[in-house]
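Visitor: Sequence:
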Amino acid sequence: MYSQVAANKRKTWLIMLLFVALIAVLGWIISNIWGRGNVGWVYFALLGSALYALIQYFLAAKIATAVNGAQQIEKKDNPRLYRTVENLAITAGMPMPKVYVMKDPALNAFATGRDPNHAIVCATTGLLSAMNDTELEAVMAHEMSHVRNYDIRVMMIVFGLVSAISFIADIISNLLWLGEDGDDEKSNVIFIVLGLVAAILAPIVATMVQLAISRRREYLADSSGALLTRYPEGLASALEKIRDTSSATKRQNTATAHLFFANPLRGGVAKFFSTHPPIEERIAKLRGMEGRM
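Under this note's numbering, the residue at position 123 of the sequence shown is numbered 148, and the numbers go up by one with no gaps.
One or more hints might be untrue.
Subject to a maximum C-alpha distance of 30 Å in a straight line, what follows is the list of computed DSSO-like cross-link-like pairs (lysine-lysine) [what the hints assert, rightly or not]: (1) Lys275 to Lys100; (2) Lys275 to Lys87; (3) Lys310 to Lys100; (4) Lys100 to Lys266; (5) Lys101 to Lys123; (6) Lys128 to Lys266; (7) Lys310 to Lys266; (8) Lys310 to Lys101; (9) Lys100 to Lys123; (10) Lys128 to Lys100; (11) Lys101 to Lys128; (12) Lys101 to Lys87; (13) Lys128 to Lys275; (14) Lys101 to Lys266; (15) Lys123 to Lys87; (16) Lys87 to Lys100; (17) Lys128 to Lys87; (18) Lys275 to Lys123.
Between beta-carbon pairs, the in silico distance windows are [unchecked claim]: (19) Thr270 to Leu43: 34 to 40 Å; (20) Arg276 to Asp102: 18 to 24 Å; (21) Gly73 to Leu221: 38 to 44 Å; (22) Tyr244 to Leu76: 51 to 57 Å; (23) Ile115 to Ala309: 26 to 32 Å; (24) Leu252 to Gly65: 48 to 54 Å; (25) Ala309 to Ile225: 33 to 39 Å; (26) Ala309 to Gln96: 33 to 39 Å; (27) Tyr244 to Thr150: 25 to 31 Å; (28) Leu79 to Asn199: 20 to 26 Å.
If you are wondering where the hints come from, they were derived from the structure by calculation, not from laboratory data.
Beta carbons: idealized from backbone N, C-alpha and C, even for Gly.
Taking the hints into account, I'd like the entire structure generated from these sequences.
Guide: Shown next, in the form of structure tokens:
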């Protein structure tokens, strides 16, 4: 487990380097479309993106709870949920995270924050009503594992960088509409074409990388959560209830979808761009763990 946490930290830096490279390329394209080759646009894009990602890193947890209508609770407000999280924190040797409840009939939960000392775990009222104690413990162990494995840090940074890339792509799109007369018409046309391709593909590539990272971390959190409770069947049973009911929340927000225990978005394109692996695959992997524990 500790080796996985260390690996997550290393992957964070690799992911950041990948996104920084993409941002630099976008800045270079802008410099040639509008800035007549002035490399200052590259530095501006990098600095602006870094500041944007940094703001997201520190404020994303508050934003996530606000946009989803989650409210912080104390032990007296919901002793069952609070004690479940408290017991898991003690078992895992982790700091006690802040506990939130989201008034929504969907069966779901999420974790956010930048590290275990600044973590938040949240459960919907629908989840609390539908799950027995064993299943609730399993779901919250999954969310606590996201915190313990530093998944929340990785995803906060990635989300900030994906948002920055989308913002830069929008700038490129606007510049293409404005147009710019260059000294070299042929060169200008080439960079306009590059800009058009970048404006379309960059956000898609960045989002697909984010989705792939999110799906891998869901499998890891399932395994880690099952190891924490020593009972994979509890989580498998919870996933079956979600499969047979619904995890789609009333408040549809694609920006925070990757934080949730199960896909909170409704059908259609949301399935293709899901931040979560198929529930049946998650159940199968958990059931496959039973004989190895």
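Visitor: Look at each hint and say if it fits the structure.
Guide: Outcome of the hint check:
no.: 1; hint: Lys275 to Lys100; in the structure: holds, 26 Å
no.: 2; hint: Lys275 to Lys87; in the structure: holds, 19 Å
no.: 3; hint: Lys310 to Lys100; in the structure: violated, 34 Å
no.: 4; hint: Lys100 to Lys266; in the structure: holds, 26 Å
no.: 5; hint: Lys101 to Lys123; in the structure: holds, 14 Å
no.: 6; hint: Lys128 to Lys266; in the structure: holds, 19 Å
no.: 7; hint: Lys310 to Lys266; in the structure: holds, 16 Å
no.: 8; hint: Lys310 to Lys101; in the structure: violated, 36 Å
no.: 9; hint: Lys100 to Lys123; in the structure: holds, 11 Å
no.: 10; hint: Lys128 to Lys100; in the structure: holds, 17 Å
no.: 11; hint: Lys101 to Lys128; in the structure: holds, 17 Å
no.: 12; hint: Lys101 to Lys87; in the structure: holds, 23 Å
no.: 13; hint: Lys128 to Lys275; in the structure: holds, 10 Å
no.: 14; hint: Lys101 to Lys266; in the structure: holds, 27 Å
no.: 15; hint: Lys123 to Lys87; in the structure: holds, 12 Å
no.: 16; hint: Lys87 to Lys100; in the structure: holds, 21 Å
no.: 17; hint: Lys128 to Lys87; in the structure: holds, 17 Å
no.: 18; hint: Lys275 to Lys123; in the structure: holds, 23 Å
no.: 19; hint: Thr270 to Leu43: 34 to 40 Å; in the structure: holds, 37 Å
no.: 20; hint: Arg276 to Asp102: 18 to 24 Å; in the structure: holds, 21 Å
no.: 21; hint: Gly73 to Leu221: 38 to 44 Å; in the structure: violated, 21 Å
no.: 22; hint: Tyr244 to Leu76: 51 to 57 Å; in the structure: violated, 33 Å
no.: 23; hint: Ile115 to Ala309: 26 to 32 Å; in the structure: holds, 31 Å
no.: 24; hint: Leu252 to Gly65: 48 to 54 Å; in the structure: holds, 51 Å
no.: 25; hint: Ala309 to Ile225: 33 to 39 Å; in the structure: holds, 36 Å
no.: 26; hint: Ala309 to Gln96: 33 to 39 Å; in the structure: holds, 35 Å
no.: 27; hint: Tyr244 to Thr150: 25 to 31 Å; in the structure: holds, 27 Å
no.: 28; hint: Leu79 to Asn199: 20 to 26 Å; in the structure: holds, 24 Å
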